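Participant: Listed below are the residues making up each chain.
There are 2 protein chains.
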Amino acid sequence: MRIEIICTGDEVLTGKIVNSNFSSMSQRLEDVGLAVRWGTTVGDDRESLLRAFQLAGERADAVIVNGGLGPTVDDLSQEVAAQAAGVPLVLDEAWLGRMEEFFRRRSRVMPPNNKKQAMLPAGAEVLDNPIGTACGFALDIGRARFFFTPGVPRELRRMLEEQVIPRLLARSGLQTAIFLKRFHSYGLGESHVDALLAGVEALVPDGSVKLGFRAHYPQLETKLTVRGADMDDIRRKLGPVEREVHKRLGNFILAEDDQTLEGVVLAELASRQASLSIAETFTGGLIAGRIAPLPEAERVFRRGVVARDLTELCAAVGLDGPALPAAITRETAEAVASAARRHTGSTHALAVLIDLDQGADRIDLGGTICLAIATEEHVASRRSRILGGREWVRLGAVELGLDCLRRHLQGLPVTERIDFEKT
Amino acid sequence: MRIEIICTGDEVLTGKIVNSNFSSMSQRLEDVGLAVRWGTTVGDDRESLLRAFQLAGERADAVIVNGGLGPTVDDLSQEVAAQAAGVPLVLDEAWLGRMEEFFRRRSRVMPPNNKKQAMLPAGAEVLDNPIGTACGFALDIGRARFFFTPGVPRELRRMLEEQVIPRLLARSGLQTAIFLKRFHSYGLGESHVDALLAGVEALVPDGSVKLGFRAHYPQLETKLTVRGADMDDIRRKLGPVEREVHKRLGNFILAEDDQTLEGVVLAELASRQASLSIAETFTGGLIAGRIAPLPEAERVFRRGVVARDLTELCAAVGLDGPALPAAITRETAEAVASAARRHTGSTHALAVLIDLDQGADRIDLGGTICLAIATEEHVASRRSRILGGREWVRLGAVELGLDCLRRHLQGLPVTERIDFEKT
Numbered sequence: 118m119r120i121e122i123i124c125t126g127d128e129v130l131t132g133k134i135v136n137s138n139f140s141s142m143s144q145r146l147e148d149v150g151l152a153v154r155w156g157t158t159v160g161d162d163r164e165s166l167l168r169a170f171q172l173a174g175e176r177a178d179a180v181i182v183n184g185g186l187g188p189t190v191d192d193l194s195q196e197v198a199a200q201a202a203g204v205p206l207v208l209d210e211a212w213l214g215r216m217e218e219f220f221r222r223r224s225r226v227m228p229p230n231n232k233k234q235a236m237l238p239a240g241a242e243v244l245d246n247p248i249g250t251a252c253g254f255a256l257d258i259g260r261a262r263f264f265f266t267p268g269v270p271r272e273l274r275r276m277l278e279e280q281v282i283p284r285l286l287a288r289s290g291l292q293t294a295i296f297l298k299r300f301h302s303y304g305l306g307e308s309h310v311d312a313l314l315a316g317v318e319a320l321v322p323d324g325s326v327k328l329g330f331r332a333h334y335p336q337l338e339t340k341l342t343v344r345g346a347d348m349d350d351i352r353r354k355l356g357p358v359e360r361e362v363h364k365r366l367g368n369f370i371l372a373e374d375d376q377t378l379e380g381v382v383l384a385e386l387a388s389r390q391a392s393l394s395i396a397e398t399f400t401g402g403l404i405a406g407r408i409a410p411l412p413e414a415e416r417v418f419r420r421g422v423v424a425r426d427l428t429e430l431c432a433a434v435g436l437d438g439p440a441l442p443a444a445i446t447r448e449t450a451e452a453v454a455s456a457a458r459r460h461t462g463s464t465h466a467l468a469v470l471i472d473l474d475q476g477a478d479r480i481d482l483g484g485t486i487c488l489a490i491a492t493e494e495h496v497a498s499r500r501s502r503i504l505g506g507r508e509w510v511r512l513g514a515v516e517l518g519l520d521c522l523r524r525h526l527q528g529l530p531v532t533e534r535i536d537f538e539k540t
Numbered sequence: 118m119r120i121e122i123i124c125t126g127d128e129v130l131t132g133k134i135v136n137s138n139f140s141s142m143s144q145r146l147e148d149v150g151l152a153v154r155w156g157t158t159v160g161d162d163r164e165s166l167l168r169a170f171q172l173a174g175e176r177a178d179a180v181i182v183n184g185g186l187g188p189t190v191d192d193l194s195q196e197v198a199a200q201a202a203g204v205p206l207v208l209d210e211a212w213l214g215r216m217e218e219f220f221r222r223r224s225r226v227m228p229p230n231n232k233k234q235a236m237l238p239a240g241a242e243v244l245d246n247p248i249g250t251a252c253g254f255a256l257d258i259g260r261a262r263f264f265f266t267p268g269v270p271r272e273l274r275r276m277l278e279e280q281v282i283p284r285l286l287a288r289s290g291l292q293t294a295i296f297l298k299r300f301h302s303y304g305l306g307e308s309h310v311d312a313l314l315a316g317v318e319a320l321v322p323d324g325s326v327k328l329g330f331r332a333h334y335p336q337l338e339t340k341l342t343v344r345g346a347d348m349d350d351i352r353r354k355l356g357p358v359e360r361e362v363h364k365r366l367g368n369f370i371l372a373e374d375d376q377t378l379e380g381v382v383l384a385e386l387a388s389r390q391a392s393l394s395i396a397e398t399f400t401g402g403l404i405a406g407r408i409a410p411l412p413e414a415e416r417v418f419r420r421g422v423v424a425r426d427l428t429e430l431c432a433a434v435g436l437d438g439p440a441l442p443a444a445i446t447r448e449t450a451e452a453v454a455s456a457a458r459r460h461t462g463s464t465h466a467l468a469v470l471i472d473l474d475q476g477a478d479r480i481d482l483g484g485t486i487c488l489a490i491a492t493e494e495h496v497a498s499r500r501s502r503i504l505g506g507r508e509w510v511r512l513g514a515v516e517l518g519l520d521c522l523r524r525h526l527q528g529l530p531v532t533e534r535i536d537f538e539k540t
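Top line first, the protein sequences correspond to chains A and B. All residue numbers in the first sequence are consecutive under the numbering used here, ending with 540. All residue numbers in the second sequence are consecutive under the numbering used here, ending with 540.
It should be emphasised that the hints constitute simulated quantities derived from the structure, not laboratory data. As the structure is a computational prediction, the values presented were derived from the model and not from experiment. Careful: at least some of the hints might be erroneous.
No distinction is drawn between identical chains; accordingly, a pair holds when it is met within one copy or between any pair of copies.
[What the hints assert, rightly or not] When the alpha-carbon atoms are kept at most 27 Å apart in a straight line, the in silico DSSO-like pairs for lysine-lysine are as follows: (1) Lys-340 to Lys-232; (2) Lys-133 to Lys-327; (3) Lys-327 to Lys-539; (4) Lys-233 to Lys-364; (5) Lys-539 to Lys-364; (6) Lys-354 to Lys-233; (7) Lys-133 to Lys-354; (8) Lys-354 to Lys-232; (9) Lys-364 to Lys-354; (10) Lys-232 to Lys-298; (11) Lys-340 to Lys-133; (12) Lys-539 to Lys-232; (13) Lys-298 to Lys-233; (14) Lys-364 to Lys-232.
Only chain A is shown next, with the shape it has when bound in the complex (with noise of 0.2 Å):
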């Protein structure tokens, strides 16, 4: 089946907004083992509007356009769906009545120039828009099938998922149930971890098993999309595969499908009634930064100090005397975890510090990592090195404090090598 997608608005064409939409829808797609094959972005210009429905409902089987359903007078989709299918424009009642009711239930008055999102092309079958005032529709224009969807995210997302890929689907003609399962890791490149993952789909012969990833450094997503007749099937196919990426992947897995690196170092914490201090340097917060705002942090968080001078952050744990540090190594991380495990009565510490390299940035400049994580029992620690200016530093270097705190928390080892750091 060939889809296309139409991305609508002057704001969109013009870059004043990221056209993330089209990305997230596409990606959704794929995820359900359906492909986008064009992409077509135009303003809010009737005439750019009918000549990109005529040529989409020339080539693709299904369309789906995204934006132009709002009330004001730049909103032209339905008109334009209208005059491309040859039909009039009616006034959906039901719509209608929906859309008092939306505003009723927010205690306003629906303004008469929001009556405009109920009028449909004639024929138009409803899709429907729990969330908001603009109403989805679909209608063949051409040879195609065309879906009509809001441009505002969460109303997109929620149309997409219950209105129109279960559509897309049954005209596919392809196994209707779907699952995705994802295992987020740090450490492996994406080529790296494809070449340990090679022939896990070949585990369900029928091909109904298909690998994929998405890179967001410094974590890779990788995605397991399965198809099957219900999701007994579902499950009984992904079984085996899921226990091998588990086996290959292994300590490399730092959390699964909605989870996220900080929420399994809390949860770990928190089932522990433990707490946490952590100290920072270049990473400048950004490591409490992850862990400090979640719901139930509350109770987990102790406190986060952050210095970019060695001596002020040794000060901010209670770390004075002659014994001072005077460089950043191993020694230097493990000291600083545990005074402040010991300043703060947290139970557990992680410290962070980093020897950035001299310079403007560049794309070789690099950073040490020295890190360590303190209980009363003990101390880990790890030395890392990793380039790629300052940002890159930074940012990997966040991710290797939490996932080494990660690792500390369920019994695996802190110091196994990842693709990122050069020795």
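Once you have looked at the hints, place chain B on chain A.
Facilitator: Relative to the frame of chain A, chain B by itself:
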């Protein structure tokens, strides 16, 4: 002049990467007074590329093609461009020499498949790429001039600026001297600033000054695009408009052009040999994270402390005893800021305390922000309430804290009302 953009590549089409090249190109063209009328996205697929080139060649005067100039087999731009133009591919000896030199300077041998990057459609005009091996080129297809550019963002930006835009401006017959003046503000919404600046364009009656905005919460960028015969002409036109913008937006302008809020704060502190400590709660280290990692921050940024619990935060700044604050108020923020300054011996301290609404995250969840700035002489403070969910409150509080510090350092009132706060 009708301009189109064609973005190529499976990674963009499948949504694996968000297409920020499109928005950055489109935005930059807008800045120099050129408008993009149509965008197309296709994958690394011969048939789609050819069709996209043909369609754009029928509609447009100028077309920018992005991506597909690399050395691998799925990089098809040169080949399909030659096919669309009906010319053969020929080896550009000069570019081949440039590439060999590029590898030699990096002490590497050029892999044989890179030679493909020097194969250009016969008659194409070379567009220089001083920082990569992908050779840009220009060529007529249909009625349009096509400009082929590399997918690597920094190579694209440079080629767009130095090669493509001058050629587009020359073709458009527009005055070729262009200047973009930018003002960054926090606290006023886009429509508010638009209203405040009504009529400023008309101060230059020939229409050569254009006003535009780019909102990226919490900051707003106000842009003046000025067109002239040369830079002297531009400066003469810009002067009165710039002064008027300053007069109308006043204290809300926090930085200009490439300056950042954190950079302005750091420079103000550095210029008076001052030092800074920061105490944060729900912002979790993000305020420190804006300042601490900056070049030159080593000398200014003294210490940051983060805690979710007020008692813990007080302990971290040496504030204890019977007078311990029990609730988040302006007075508490003042006490924490003063204590942080004394405790760390810094000349300045910023405390940002947040009382977050209870319950699950939701669009009307709010936070009450109490912040204070302490110096040896006095303490300034403000209270503010922001709605919009956990992340919105958190980002707003980071900006509010930094901007109030900026205001304090510049001798401006820290309590001026902003559009985002509810009272």
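Participant: Have a look at Lys-539 and Lys-364 and pick one of within, between, both or neither, based on CA distance no larger than 27 Å.
Facilitator: within (26 Å within a copy, 53 Å between copies)
Participant: Indicate which option fits the pair Lys-364, Lys-354 if close means a Cα-Cα distance not exceeding 27 Å: within, between, both or neither.
Facilitator: within (17 Å within a copy, 67 Å between copies)
Participant: Is the C-alpha distance from Lys-539 to Lys-232 at most 27 Å within one copy, between copies, in both cases, or in neither?
Facilitator: Neither way: Lys-539 and Lys-232 sit 62 Å apart in one copy and 30 Å across, limit 27 Å.
Participant: Measure nothing new, just compare the shortest in-copy and cross-copy C-alpha distances for Lys-354 and Lys-232 to 27 Å and report within, between, both or neither.
Facilitator: Answer is neither; intra-copy 49 Å and inter-copy 45 Å both fail.
Participant: Please sort Lys-340 with Lys-232 into within, between, both or neither, judging by C-alpha distance up to 27 Å.
Facilitator: neither (43 Å within a copy, 35 Å between copies)
Participant: When no copy is specified for Lys-233 and Lys-364, does a C-alpha distance of 27 Å or less occur within a copy, between copies, both, or neither?
Facilitator: neither (56 Å within a copy, 41 Å between copies)
Participant: What label fits Lys-364 with Lys-232 when the C-alpha limit is 27 Å: within, between, both, or neither?
Facilitator: For Lys-364 and Lys-232, the Cα distance exceeds 27 Å both inside one copy (57 Å) and across copies (41 Å).
Participant: If the cut is 27 Å between Cα atoms, do Lys-354 and Lys-233 qualify within a copy, between copies, both or neither?
Facilitator: neither (48 Å within a copy, 43 Å between copies)
Participant: When Cα atoms must be at most 27 Å apart, do Lys-327 and Lys-539 count as within-copy, between-copy, both, or neither?
Facilitator: Classified as neither: same-chain Cα gap 33 Å, cross-chain 49 Å, threshold 27 Å.
Participant: Within, between, both or neither: how does the pair Lys-232, Lys-298 come out at a Cα-Cα threshold of 27 Å?
Facilitator: So Lys-232 and Lys-298 fail the 27 Å test inside a copy (42 Å) and across (41 Å) alike.
Participant: If the cutoff is 27 Å on CA atoms, where do Lys-298 and Lys-233 land: within, between, both or neither? Let me know, please.
Facilitator: neither (41 Å within a copy, 39 Å between copies)
Participant: When no copy is specified for Lys-340 and Lys-133, does a C-alpha distance of 27 Å or less occur within a copy, between copies, both, or neither?
Facilitator: between (31 Å within a copy, 12 Å between copies)
Hint compliance for this structure: hints 1, 3, 4, 6, 8, 10, 12, 13 and 14 are broken, all remaining hints hold.
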